[in-house]
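Participant: In my numbering, the protein residues as written are 22 to 104.
Warning: the hint list may mix true and false statements.
[Said to hold, decoys possible] Quick list of the computed label-pair ranges, beta carbon to beta carbon: (1) Ser-24 with Ser-59: 33 to 39 Å; (2) Pro-51 with Leu-98: 37 to 43 Å; (3) Phe-34 with Gly-73: 21 to 27 Å; (4) Leu-48 with Met-22: 40 to 46 Å; (5) Leu-102 with Ser-63: 29 to 35 Å; (6) Phe-57 with Thr-31: 18 to 24 Å; (7) Val-55 with Leu-98: 32 to 38 Å.
[What the hints assert, rightly or not] Within a straight-line C-alpha distance of at most 20 Å, the following computed SDA-like cross-link-like pairs (lysine to any residue) qualify: (8) Lys-26 with Trp-97; (9) Lys-26 with Ala-91; (10) Lys-26 with Leu-86; (11) Lys-101 with Leu-23; (12) Lys-26 with Gly-93; (13) Lys-26 with Gly-76; (14) Lys-26 with Leu-85; (15) Lys-26 with Ala-77; (16) Lys-101 with Val-90; (17) Lys-26 with Phe-95; (18) Lys-101 with Val-25; (19) Lys-26 with Trp-36; (20) Lys-26 with Leu-102; (21) Lys-101 with Met-22; (22) Lys-26 with Ser-104; (23) Lys-26 with Gly-73; (24) Lys-26 with Leu-82; (25) Lys-26 with Ala-96; (26) Lys-101 with Phe-28.
No wet-lab data here; the hints were simulated from the structure.
Quick caveat: nothing in here was measured; it's all calculated off a predicted structure.
Here a beta-carbon is modelled for each residue, glycine too, at the ideal position from N, C-alpha and C.
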Amino acid sequence: MLSVKNFALTCGFIWGGGLCAISLIQLISPTYGVGFLSVMESVYPGYQGMEGLIGAVVILLYGLLDGVVAGGAFAWLYNKLNS
22 MLSVKNFALT
32 CGFIWGGGLC
42 AISLIQLISP
52 TYGVGFLSVM
62 ESVYPGYQGM
72 EGLIGAVVIL
82 LYGLLDGVVA
92 GGAFAWLYNK
102 LNS
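Take the sequences, apply the hints, and build the full model.
Facilitator: Structure below.
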């Protein structure tokens, strides 16, 4: 059995942290992750490829929410199918 809460939080931290890291790296190297962040603009409403710390925080929050929901759904379904 997977802990739904722990798995959901882990997925949220990994996905949100990864998105935030890509956004922050792009501040140092403006060509880094341009294509990927363009796709994220189409996935997350309100994120318009904002530059700077504001954009990194916005995409972090979107990624956290997305990862928690997807991870929780996956863990719940896994537990249901495994029992």
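Participant: Taking the hints in turn, state whether each one holds.
Facilitator: Hints and how they fare:
With their beta carbons about 35 Å apart, Ser-24 and Ser-59 fall inside the hinted range of 33 to 39 Å. A hinted range of 37 to 43 Å for the beta carbons of Pro-51 and Leu-98 is consistent with their spacing of about 40 Å. The supplied range of 21 to 27 Å is met by Phe-34 and Gly-73, whose beta-carbon atoms lie about 22 Å from each other. A beta carbon spacing of about 41 Å between Leu-48 and Met-22 agrees with the range 40 to 46 Å that was offered as a hint.
In this structure the hint that Leu-102 and Ser-63 lie 29 to 35 Å apart at CB holds, the actual value being about 31 Å. Checked against the hint of 18 to 24 Å, the pair Phe-57 and Thr-31 passes, with Cβ atoms roughly 22 Å apart. Distance hint check for Val-55 and Leu-98: the Cβ-Cβ separation is about 34 Å, which falls inside the suggested range of 32 to 38 Å. For the suggested pair Lys-26 and Trp-97, the alpha carbons sit about 9 Å apart, so the restraint of at most 20 Å is met.
Straight-line distance between C-alpha atoms of Lys-26 and Ala-91 comes to about 12 Å, which keeps the hinted pair within the 20 Å bound. At roughly 13 Å between alpha-carbon atoms, Lys-26 and Leu-86 fall within 20 Å of each other, so this suggested pair holds. With a C-alpha separation of about 10 Å, the suggested pair Lys-101 and Leu-23 falls inside the 20 Å cut-off, and the hint holds. For the hint linking Lys-26 to Gly-93, the alpha-carbon distance of about 7 Å falls within 20 Å, and the restraint holds.
Note on Lys-26 and Gly-76: the hinted pairing is violated, with a Cα-Cα distance of about 27 Å set against a maximum of 20 Å. Taking the CA atoms of Lys-26 and Leu-85, the gap is about 13 Å. The hint holds against a cut of 20 Å. Straight-line distance between C-alpha atoms of Lys-26 and Ala-77 comes to about 25 Å, which puts the hinted pair past the 20 Å bound. Of the supplied pair hints, the one linking Lys-101 and Val-90 holds, its CA atoms being roughly 16 Å apart against a limit of 20 Å.
Restraint check for Lys-26 and Phe-95: satisfied, since their Cα atoms lie roughly 11 Å apart, inside the 20 Å limit. Restraint check for Lys-101 and Val-25: satisfied, since their Cα atoms lie roughly 11 Å apart, inside the 20 Å limit. For the proposed pair Lys-26 and Trp-36, the alpha carbon gap of about 15 Å is at most 20 Å, so the pair holds. A C-alpha spacing of about 17 Å is found between Lys-26 and Leu-102, which places the hinted pair at or below 20 Å, so the restraint holds.
Restraint check for Lys-101 and Met-22: the C-alpha separation of about 9 Å stays at or below 20 Å, so the hint holds. At roughly 18 Å between alpha-carbon atoms, Lys-26 and Ser-104 fall within 20 Å of each other, so this suggested pair holds. At roughly 31 Å between alpha-carbon atoms, Lys-26 and Gly-73 are farther apart than 20 Å, so this suggested pair is violated. For the given pair, Lys-26 sits about 18 Å from Leu-82 by alpha-carbon distance, which is consistent with the 20 Å threshold.
Pair hint Lys-26 plus Ala-96 holds up; C-alpha atoms about 9 Å apart against a cutoff of 20 Å. Restraint check for Lys-101 and Phe-28: the C-alpha separation of about 15 Å stays at or below 20 Å, so the hint holds.
Hint violations for this structure: numbers 13, 15 and 23, all remaining hints satisfied.
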